[in-house]
Structure formats: structure tokens, C-alpha cells
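A.B. asks: Residue numbers (the numbering used here), protein chains in the order written: chain X, 53 to 370; chain S, 53 to 370.
To be clear, the hints were calculated from the coordinates, so they are not data collected in a lab. This list has only true hints and no planted wrong ones.
For identical chains, the list gives no copy identity; a pair is met inside one copy or between any two copies.
Taking lysine-lysine pairs in the DSSO-like style, the calculated list, with each CA pair at most 30 Å apart, reads:
no., residue 1, residue 2
1, Lys-368, Lys-224
2, Lys-184, Lys-253
3, Lys-88, Lys-224
4, Lys-227, Lys-88
5, Lys-253, Lys-204
6, Lys-224, Lys-360
7, Lys-227, Lys-132
8, Lys-143, Lys-94
9, Lys-280, Lys-253
Protein chains: 2
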Amino acid sequence: MTNDEVIKNTNYDLAIVGAGPAGLSAAIYASRGGLKTVVFEKALVGGQIVVTAEVENYPGFAETLTGFDIADKLKAHADKFGAEFKLEEVKAIGVEGLCKIIETDKGTYSTKSVIIATGAHPRKLQVPGEQKYTGRGVSYCATCDGALYRDKIVAVVGGGDSAIEEAIFLTKFAKKVYIIHRRDKLRAVKVIRDRVFKNKKVEYVWDSVVQGIDGGDMVETLHIYNRKLDEISDLKVDGVFIYIGIIPNNELVESRVELDPRGFIQTDEDMHTIIPGVFAAGDIIHKTLRQVVTANSDGATAAFSAEKWIEENSDKFD
Amino acid sequence: MTNDEVIKNTNYDLAIVGAGPAGLSAAIYASRGGLKTVVFEKALVGGQIVVTAEVENYPGFAETLTGFDIADKLKAHADKFGAEFKLEEVKAIGVEGLCKIIETDKGTYSTKSVIIATGAHPRKLQVPGEQKYTGRGVSYCATCDGALYRDKIVAVVGGGDSAIEEAIFLTKFAKKVYIIHRRDKLRAVKVIRDRVFKNKKVEYVWDSVVQGIDGGDMVETLHIYNRKLDEISDLKVDGVFIYIGIIPNNELVESRVELDPRGFIQTDEDMHTIIPGVFAAGDIIHKTLRQVVTANSDGATAAFSAEKWIEENSDKFD
Numbered sequence: 053m054t055n056d057e058v059i060k061n062t063n064y065d066l067a068i069v070g071a072g073p074a075g076l077s078a079a080i081y082a083s084r085g086g087l088k089t090v091v092f093e094k095a096l097v098g099g100q101i102v103v104t105a106e107v108e109n110y111p112g113f114a115e116t117l118t119g120f121d122i123a124d125k126l127k128a129h130a131d132k133f134g135a136e137f138k139l140e141e142v143k144a145i146g147v148e149g150l151c152k153i154i155e156t157d158k159g160t161y162s163t164k165s166v167i168i169a170t171g172a173h174p175r176k177l178q179v180p181g182e183q184k185y186t187g188r189g190v191s192y193c194a195t196c197d198g199a200l201y202r203d204k205i206v207a208v209v210g211g212g213d214s215a216i217e218e219a220i221f222l223t224k225f226a227k228k229v230y231i232i233h234r235r236d237k238l239r240a241v242k243v244i245r246d247r248v249f250k251n252k253k254v255e256y257v258w259d260s261v262v263q264g265i266d267g268g269d270m271v272e273t274l275h276i277y278n279r280k281l282d283e284i285s286d287l288k289v290d291g292v293f294i295y296i297g298i299i300p301n302n303e304l305v306e307s308r309v310e311l312d313p314r315g316f317i318q319t320d321e322d323m324h325t326i327i328p329g330v331f332a333a334g335d336i337i338h339k340t341l342r343q344v345v346t347a348n349s350d351g352a353t354a355a356f357s358a359e360k361w362i363e364e365n366s367d368k369f370d
Numbered sequence: 053m054t055n056d057e058v059i060k061n062t063n064y065d066l067a068i069v070g071a072g073p074a075g076l077s078a079a080i081y082a083s084r085g086g087l088k089t090v091v092f093e094k095a096l097v098g099g100q101i102v103v104t105a106e107v108e109n110y111p112g113f114a115e116t117l118t119g120f121d122i123a124d125k126l127k128a129h130a131d132k133f134g135a136e137f138k139l140e141e142v143k144a145i146g147v148e149g150l151c152k153i154i155e156t157d158k159g160t161y162s163t164k165s166v167i168i169a170t171g172a173h174p175r176k177l178q179v180p181g182e183q184k185y186t187g188r189g190v191s192y193c194a195t196c197d198g199a200l201y202r203d204k205i206v207a208v209v210g211g212g213d214s215a216i217e218e219a220i221f222l223t224k225f226a227k228k229v230y231i232i233h234r235r236d237k238l239r240a241v242k243v244i245r246d247r248v249f250k251n252k253k254v255e256y257v258w259d260s261v262v263q264g265i266d267g268g269d270m271v272e273t274l275h276i277y278n279r280k281l282d283e284i285s286d287l288k289v290d291g292v293f294i295y296i297g298i299i300p301n302n303e304l305v306e307s308r309v310e311l312d313p314r315g316f317i318q319t320d321e322d323m324h325t326i327i328p329g330v331f332a333a334g335d336i337i338h339k340t341l342r343q344v345v346t347a348n349s350d351g352a353t354a355a356f357s358a359e360k361w362i363e364e365n366s367d368k369f370d
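Bound-form chain X, shown alone (with noise of 0.2 Å):
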């Protein structure tokens, strides 16, 4: 990289990786406060929802929204106070004293502020189906989905404390919540523990791991293979919720901020990293509960915190 092309380039004010909702609402944030902002997503603007089949519960929207309608409803929200998208792959991030210098595949940025909105996925089951039918029957959110299985089958993949609090929590709606383990007891804690075996909806299955998803238009059928018996059989499911873990998307700067144990990064309250003038916001980030709602709030927190960032700096930009 040479000096000539950073300059051809310079003069953003804040760059945002990623376009799922926390780069969305910063980017509305941000572009209506003044700051001239560029977005950067190497996929599909909208992130993870757009694998969502149905949004209940952003609020304000009481109609049921599809993840793409929301993810549209954003990016038009941001375009109307002109920020600026790139379909590019952020590579690597720099920062050249106060600067920070973005390569992607296509070209070399330089900025003044950088907000991380990478976001997380599901660890995967990788198994045949389940790409096919997420968001028709496969589901990696309780809290986001639960509510739609009423009176119906599903299915919980995994024996930690989350898929064993999911699992509860979808007893409210289901009636009846199969938790599938590999092991023959589950990993979540005794409190947990107790609950969940105290619950008459919950019945499991041990030692097996699904290994395909069928269906026709939704999911139909999970196909067990029972370790310790080496046998092979079908359960009949409206819904299986996934829980085997969840991988923060950290690469471009994980070795440069602070994480917490799973690999989120922690910011302050102002989602500000340890990095001066970079912040995160989403679902990369230390939280309580992953949403878009608090996606968005995250995002717009960062844009805020990034436009008083610059004005406490500009001295040193000039």
C-alpha cells in the first residue's frame, strides 16, 4: 500500500463493517448526525435476519415482518440520510496513529472512526437439510421463534445452559420439546438442571446426535443416530432449535481488544473498544440478549459515541 493510494481514499469519518441491524442503525445515526460514513458488507446487507422467516418482535412493527423486510426497511432508513454501501470484504483493519486504514478486496480506505458489527453465527450441525429448511422449521432462536410453535413438536439440539433455558422456555408454547444430547447427562448447571427435569413437556433423548433434517415445504422428520446403541432412527418434529454454541465473527480484531471468555468483545458503555475511536455494536459484543432491537440500539449508541470521538479529537485530525 502506498501513500498515494490511502490518500486517493481518505476523508471518512467512520467506517462500519458490516451491515446486519447494529451497522444499519449506526449508519442512520451517523449519517444524520453528519458524519460522512461508508458501510462496508461482504454479503447480504441485513445480516443474520435475513434468514429469519419472521420477525415478530421488533417493536413497532405488530405486523409480522420477514427478516428481508426489516433489513430493507433499515438499509432504506440509512440511504435516505445518505450513507454510503460498498460490497466489499473488509480483509484487514490499520490504525496509523489516530487514523485507521480498511483494505478490502476491492480497494484501501482510511478513516478516522471504525464501528465492528460483524456480528455472530450459530455454531452449525452440518448436517443434510438444515441449511434447507433454517428459517422453515430449523431455528438457532428460541426467544426470536418460540412463539410460533403453539401446541407444536420441536426439538432442542444441545445439553449447556442455553439450549437447556431454551428448551424450558419453549414448554410455554410447545407441547411437547424433545432435548437431543449426545452425552447421557446434560452440561447445564444443577439450577437449570433441576427445572428442566421437573418439566412433564420435556422428554429426551440421550446419547444421539441428529444427523439429517427432512420435510417437505417445513421440517418434518430429524434423523437420530443413537451413539451408544449404534442405531439409527426417525422423530417426527415441527421445529428444531439449534444450540450448540455461538461463534463471535472477531477475526479482524481479536487480537487487539479486550474479549470475554467465548471471544465477544467487551466495550464500555459507549461501545468504545480499547482502540480509541474504534467501537463495536451487535451481536459481536459482550450482551445480555441478542435482538435486532438491541442490535440497533448498540449501533446507534456507537454512532453517538463516535461523532463525540471525532469532535474530541478534530484538533488532531487536521
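Given chain X, work out where chain S should sit, using these hints.
C.D. replies: This is chain S only, laid out in the frame that chain X set:
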């Protein structure tokens, strides 16, 4: 209060105090999540936003909405999932073991958990015209309304950090920003003072207080009293931003929860106060950015946390 009265009204899982965005979002999440939820509001559903003429930055609504529109949408969303609303003023919140007793001007209710979402209010000038023109030229939030004053003339009343930061922010849009301050120097910290004194769009009206706000449909004139010269004059403006403090509505719990130095409630990241089962959300909590989207996010997180807390303590309620 007799035991009979309490028993008669038991069996709420969650009582939400305040039906602004935080309370409404909490109601959406809680009732969708299967909690029996009641929302108490003493005045208008929607809270402070109903006095905001235009909301341009609730992510997802590119079209400009009135505060009423947003309140209606959030209320309809909460109604859809069955949250119960009571137009009653909460007078006291008692704690008996893990149960909470809510006393209103009309009755007594018991509940497992509470979310305090009573908000905050800007300190008013309390001069003629202020109330009449609120939302029509009088604003208490530059982040909300600044972009509506492109190439207009505005005044900021106040001399503290936020007044001056917002004045600087407003220079991005307005062609001129008056700072009206009752003293002859700013109270804001040096770094902020240095910055504003370099800004050529800002003009100062020292030793002065606003005594009245006038206009037609919208604000046109401020009546100014110079305390040092003992003189009255008129100032032509298109808008006036009043930044003389924001006051948390913390009366119900102030002696029992942790507060920051300005009286806002300190919560943990789950929105939990130090009282088990009592959560707080929205403008009343200690936070960076007070906006509809951040209030909604707090409300969602508080409801999620209340649900987990009830589940964890479920054996103690039976």
C-alpha cells in the same frame, strides 16, 4: 391494606411502571414470552415521545413519524401479545419476600417482578410559550431534532457540558447557533469550551435568561433579559434547544436502589437493580444515549431478564 386485598389481585408475573418506549417494548417482549404482564401509566401512553413532533431516527421507519405514531405502533404491538394496560398512577412499590406489592391511586396489586420505566424529564425554563411551542420549535434534544434545522437559526439555553456539546452538534445543520447563558462564562469543561470558541457559527448571549417564547405556528422570537445590563431584548430564532438539566423520575425507588450522582438508576447489564426481581429500563437508568431505540432495547433486555429471574426462582413462588 389487608391480606384479602392482595390476594384478590395477585398473579401478575410482571408489572411495568411507565408506558413510554422502554415500558412498551418490555411489554411486547414479556407478553410474547408468556409472562402475565400489566403496564401502569399515569398520563399518556408513549411517555415523553408524544410531545415530539417528528421522530426521524427510530431505525426502520425511513418515513418521518410523529411521537404519537410511534407510541401507537408500540402500544398496538404490546396489545397483540396480550399485555394488560391500566391507566393508574403507581404510588408505592413494596417488597414482601420475593413478591412485590404495587399500590396505585385505584388499587393494590401483587406481582413477581417489576420493571421501573418511569423515564426522566428535561428541566423546564417555566416561561410563557415554552409548553405551547414544545415540538414546534422548542426542543430538549439536539440528537433528535437537530437535523430539522438545516440552514436555520437556533438558540441553545445553558452553559454546561451537554448544552455546549449539543450547540456544537447543531452547527452541523444550523447556519447560526446562539448560546444563551445566565453567566458570563461557560460551565462546560475546557476541552469543550476550546472547541466551541473556535466555531464561527456560534454567537454568545451572556448574562441573559429567556423570559418568554413567541411566534405563530412555530417559534419565531425569544424574549431575553440581560441581568447585568437590566435590559430586555428580542432574538429572532427558528428553534430553541433547552439544556438546563434532565431529571430522572426516580421517586418510587430512589431510597432503595443504587443511583448515579445525577439520580439515574444503576443497573447491571441485565437491567437488574440491587432489589431482586426489580429491573429498570429506558431514560431512568444511567446510560450514554437516551433515544427511543435505546429505551426499546433496555425494555427488551429487562423483560428477558425478568423472565429468567422468575424461572430461576419459580420454586419460591409456589
